[in-house]
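Trainee: Read top to bottom, the protein sequences are chains A and B.
Going by our numbering, the residue at position 98 of the first sequence is 98; the numbering climbs one at a time, nothing skipped.
Heads up, our numbering is the position in the second sequence plus 1000, with the first residue counted as 1.
Possibly wrong hints are sitting among the right ones.
Said to hold, decoys possible - Estimated spans, in silico, between C-beta atoms of each pair:
| hint | chain 1 | residue 1 | chain 2 | residue 2 | range |
| --- | --- | --- | --- | --- | --- |
| 1 | B | E1059 | A | R9 | 45 to 51 Å |
| 2 | B | Q1083 | A | F75 | 34 to 40 Å |
| 3 | A | F73 | B | V1085 | 29 to 35 Å |
| 4 | B | F1047 | A | N55 | 17 to 23 Å |
Note that these hints are calculated values from the structure, not bench results.
Glycine included, each C-beta is placed from N, C-alpha and C at the ideal position.
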Amino acid sequence: DAMVIQNPRYQVTQFGKPVTLSCSQTLNHNVMYWYQQKSSQAPKLLFHYYDKDFNNEADTPDNFQSRRPNTSFCFLDIRSPGLGDAAMYLCATSRGAGGEKLFFGSGTQLSVL
Amino acid sequence: AQKVTQAQTEISVVEKEDVTLDCVYETRDTTYYLFWYKQPPSGELVFLIRRNSFDEQNEISGRYSWNFQKSTSSFNFTITASQVVDSAVYFCALRPFDGGGSEKLVFGKGTKLTVNP
């Protein structure tokens, strides 16, 4: 059974139209992450939540926001998607900080038309 | 600066061949973690192994083995008797333990392995 679930698998949006990607987990992990992965590139951390504490990476554009209403769910909001935001968005969880291994979802492939 | 280099962009082998994926890292931290993840075509990154900087023992898990050498800042991954199901992109990653709360996992650019029947 999938432990980190991302919906939808494919998302198409229009240039400038807000879009929300969702992630849920059944692991009861404290930490949830959002990564952006462009074609043939390494995943890039956008931000993460440690419980309710939000931690933004310094180079994450303001266009990207996140919400974590409870332990199980985390959302990625892109306020005004540009063509350059087309990518795979990966959600991951870990039990805690430090050297804990990450559990990844299957990702949401976002296309911007 | 923290950096992971996977010099091999793509590797293609024939089934049953052995293959080694190289990973070289840079960090000033004395405490850090190294990881390998596998990303099959389905997209989900799958954890393979974690090593901390104080544990230089090599590890074998079935057909997989890892060679960690601090002297050369390398953490190489070998697949013995490769199979078609091993075809994937493999990422090496570094998690420096700077104590400042940063959770950033620094990934290499990945090596795409294709195992042909």
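Trainee: Would you pick out the hints that fail for this structure and give their numbers low to high?
Mentor: When the structure is compared with the hints, only number 1 turns out to be violated.
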